[in-house]
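Input sequences plus hints: build the corresponding full structure.
Residue numbers (the working numbering), protein chains in the order written: chain S, 5 to 279; chain Y, 9 to 447.
Because the hints were derived from the structure by calculation, they are not lab data.
For every residue, glycine included, the Cβ atom is placed at its ideal position computed from N, Cα and C.
Check the hints yourself; a few may be wrong.
So the derived label-pair ranges between C-beta atoms look like this [what the hints assert, rightly or not]: (1) VAL214(S) to ALA148(Y): 52 to 62 Å; (2) GLN237(S) to ALA364(Y): 57 to 67 Å; (3) ARG123(S) to ARG414(Y): 21 to 31 Å; (4) GLN210(S) to ARG414(Y): 50 to 60 Å; (5) ARG363(Y) to ASP168(S): 22 to 32 Å.
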Amino acid sequence: MEAGSLQIVINSIAILAFLGVVFGSGLAVASRKLKVESDPRIDEVEALLPGANCGGCGYPGCRGLAEAIVSGAAPVTACPVTKDYSSIAEVMGVEATSAAERMIAKVRCAGGKKEAQQRFIYLGVEDCSAAQNLGGGAKACAYGCLGLGNCAKVCPFEAITMSDNGLPIVDEEKCTGCGLCVKACPRHLITLWPVDKSVTVLCMNQDKGVEVRKVCKVGCIGCRICEKQCPTQAITVENNLARIDPQLCTECGICVTKCPMKTIKGEKKQEREVV
Amino acid sequence: MRLRTFKKGIHPPGNKERTASLPIEVLPLPQQVVLPLGQHLGAPSEPVVSVGAQVLTGQKIAEAKGMVSVPLHASISGRVVAIEPRPHACGQLTPAIVIENDGNERISSELVSNHNLDELSAEQIKDLIKQAGLVGMGGAAFPTHVKYSPPPGKQIEYVILNGAECEPYLTCDHRLMVERSSDLILGLLAFMKAAKAQKGFIGVEVNKPDAIANLKQAAAGLPIEVLPLQVKYPQGEEKMLIYAATGRVVPVGALPIETGVVVNNVATAAALGEYLRTGLPLVSRIITVTGQGIPNPKNVEVRLGTLIEDVINYCGGFKEPPGRIILGGPMTGPAQYRLDIPVMKGTSGILVQTRAEVEKPDHAPCIRCGRCVDVCPYNLLPNYLGDYAEHDKLGEAEKYGILDCRECGSCTYICPSRRPLIQLIKNAKSKIMASRKKG
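Here it is in structure tokens:
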């Protein structure tokens, strides 16, 4: 190799090394002087959150909620998914308040393909809201499940599957009660329900009983038998539709056996305990 | 000479042969008419009669409510038997006035006939347009008088009548232009006077040579030009027609008035002409009843509120169990699942397809061929719009101009993957509009 070309190599290395030292020390100074203090608890809280970024808490992802918890904007129990509130409370140095009751999604329609009438054959997009916009959907009942699975598509935990009968089935184990399906249902059929209360009215139809009978075999006809029979006054019939207050319900099961349309479903508490 | 037209668009089969040469028949008066209060875009009208009242043909039975609304008139004489929710073409029950025919066909004596156009001022004509209950009779049913009330500072230069009838199957406007050209021209002159416009155009696709010849003869010596247009869908769409007639482009998101043009359907003009001549407001319209499922297709003049069951029975009933019943043309008309819905002001036809014609579409994924982009007359990207709509990315869809889509259906027609683009786009649009309303 010629001496001249070797000199070029040495010069280049020297210049690069010099530049490296200059910028390196500049960055070192900058990182000390301009450092942004971030609370280490944010990382700790985030590690305790599920990390699914479902948005069920209303904050932008788990990191967003962690920041809100640390800044005090959200309570330590704000995450609807996790059950480990005491660890988060520990990080935050507060007393673990009694965790909210665990809620799961309940689809309040029992009228699938077998039970409910269809008005026409729907050939359009497999999307409940698109079907709803097309003359109100194929189902004759204006309140019932359209069965095209928007809730199943939106569930980040794969807790909802569509049955062969065209109704969503919620897996109680997988459901975290994040509430995304509640927002996704164009017919507002899904409600969050305490996991340990299983007796529910599986209907949202507010038409008169005669009209309901025309379109569905298992719709609530507003006959008030359940309201009269309930020993704890947990059931009220309003607008031709029975509603159960889960706080008052003792799951005695009388309404389940008395309901003439078999609209109210759920197991008795005792039977479940035996199982 | 090259025929005038617009850019892009599609060429679906016309299927107009069965009814194009059939003269208009008048349907015998039905036993009962159901007149929905919301037959037009905008606020539904308010009833001014009560149950049990005797009404005469042409009598006003509901008053316009607000600016964007029109009055409604009894289409037969008889007794009001109910004002209650009845099936509507939108798929829901909506409030309607039901009149039972007394068989006497007594016409309201309050109607003023033989208006002299020379003696009427522009304001008076505008008022008459509203009093006649006129709406766009091509299908959209937008109240006509609103179009002639331009915002201050805007001048209307041209009135264009849409006689393109680009929807396949339909021939009602064709027959109207052949048989009722004098009413049509009278209506157009009235529109021009109301708008203080210098010139009128009538755009007609060249597959209707008899209509073009007839109109040219009727318009001779008047400041009206009959424009033969290329046969292409959607030639009759407002913006396409303006471009074809004047070369002006309506800006994105703007109304045609921005270009100094008002567009009306030929049927609307003929209805105004008839009103000025006879005093009878909008109580009937011409519709085409056709399709493979109909044994005797016809162009019939029916009273508004006649149930489509009565009209179909008049045309020989169903040949076989129907596969799909469409109100209007096949490109934009909504499918119906019941026969007790009434013919309304915006109903241009009843199309019955057989079961063999209706197949379950196999919706495949987009193959990025770009044909929808080639045909979209609004220069949108339906492939992206469909994708964004399908995956609920409403913000992106809005950025890509989803709200400028007029739902002509060209993209869905051309798509080799048979993607239901228009349904996806419509759904996303309604979601965007709902979220805007919420705030």
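Okay, the hints, checked on the actual structure:
| no. | hint | verdict |
| --- | --- | --- |
| 1 | VAL214(S) to ALA148(Y): 52 to 62 Å | violated, 38 Å |
| 2 | GLN237(S) to ALA364(Y): 57 to 67 Å | holds, 59 Å |
| 3 | ARG123(S) to ARG414(Y): 21 to 31 Å | holds, 28 Å |
| 4 | GLN210(S) to ARG414(Y): 50 to 60 Å | violated, 36 Å |
| 5 | ARG363(Y) to ASP168(S): 22 to 32 Å | holds, 25 Å |
Hint compliance for this structure: hints 1 and 4 are broken, all remaining hints hold.
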